[in-house]
Amino acid sequence: MKKKLLGAMLTGAVLLTQYAGAAHAQARVYFVEPKDGATVTSPVHVRFGVDGMSVAPAGTMTDGTGHHHLLIDSKPLPKGTVIPANDTSLHFGKGQTEADVKLPPGDHTLTMQFGDGAHRSYGPEMSQTIKVHVQ
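Numbered according to mature numbering (1 follows the signal peptide of the UniProt record, and there is no 0), the sequence shown spans residues -25 to -1, 1 to 110.
Treat the hints loosely; a few may be bogus.
[Stated by the list, open to error] The list that follows gives simulated cross-link-like pairs (lysine-lysine, DSS-like), each with its CA atoms no further than 30 Å apart:
1) Lys50 with Lys10
2) Lys77 with Lys10
3) Lys54 with Lys69
It is worth saying that the hints were derived from the structure and are not from the lab.
Can you make the complete structure from the sequences, with help from the hints?
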């Protein structure tokens, strides 16, 4: 009886681990707005979405959580890279999921990069890049 119970518990633990890993592997971030190719005015209202992970404030080091960063006219960062904080790399460390961003007129590339509680990139697989035209 004890062997069967132990076997069932181990099987359950393995399945739970596999499920959690699969859910993380299917995680994604996306722009709710603006849409790729949109013509917009400044300030640009940006809304972030995430599936398969949870948004948490910076400093939260819980697996499966992170927060958004907006890279302006930049590409996704490799996994583990600390995301810089400057005028073209905006941090939303309070767990914000939307913002109004001032951009000069012209064509711009916006990359949403999800990062962990220490601002380390989850890599290109947890990013999305769109193009917008600011009037």
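Each hint tested on the structure:
1. Only pairs whose Cα atoms come within 30 Å are accepted, and Lys50 paired with Lys10 is accepted, the gap being roughly 17 Å.
2. Distance hint between Lys77 and Lys10 is fulfilled; the C-alpha atoms sit about 17 Å from each other, no more than 30 Å.
3. Only pairs whose Cα atoms come within 30 Å are accepted, and Lys54 paired with Lys69 is accepted, the gap being roughly 21 Å.
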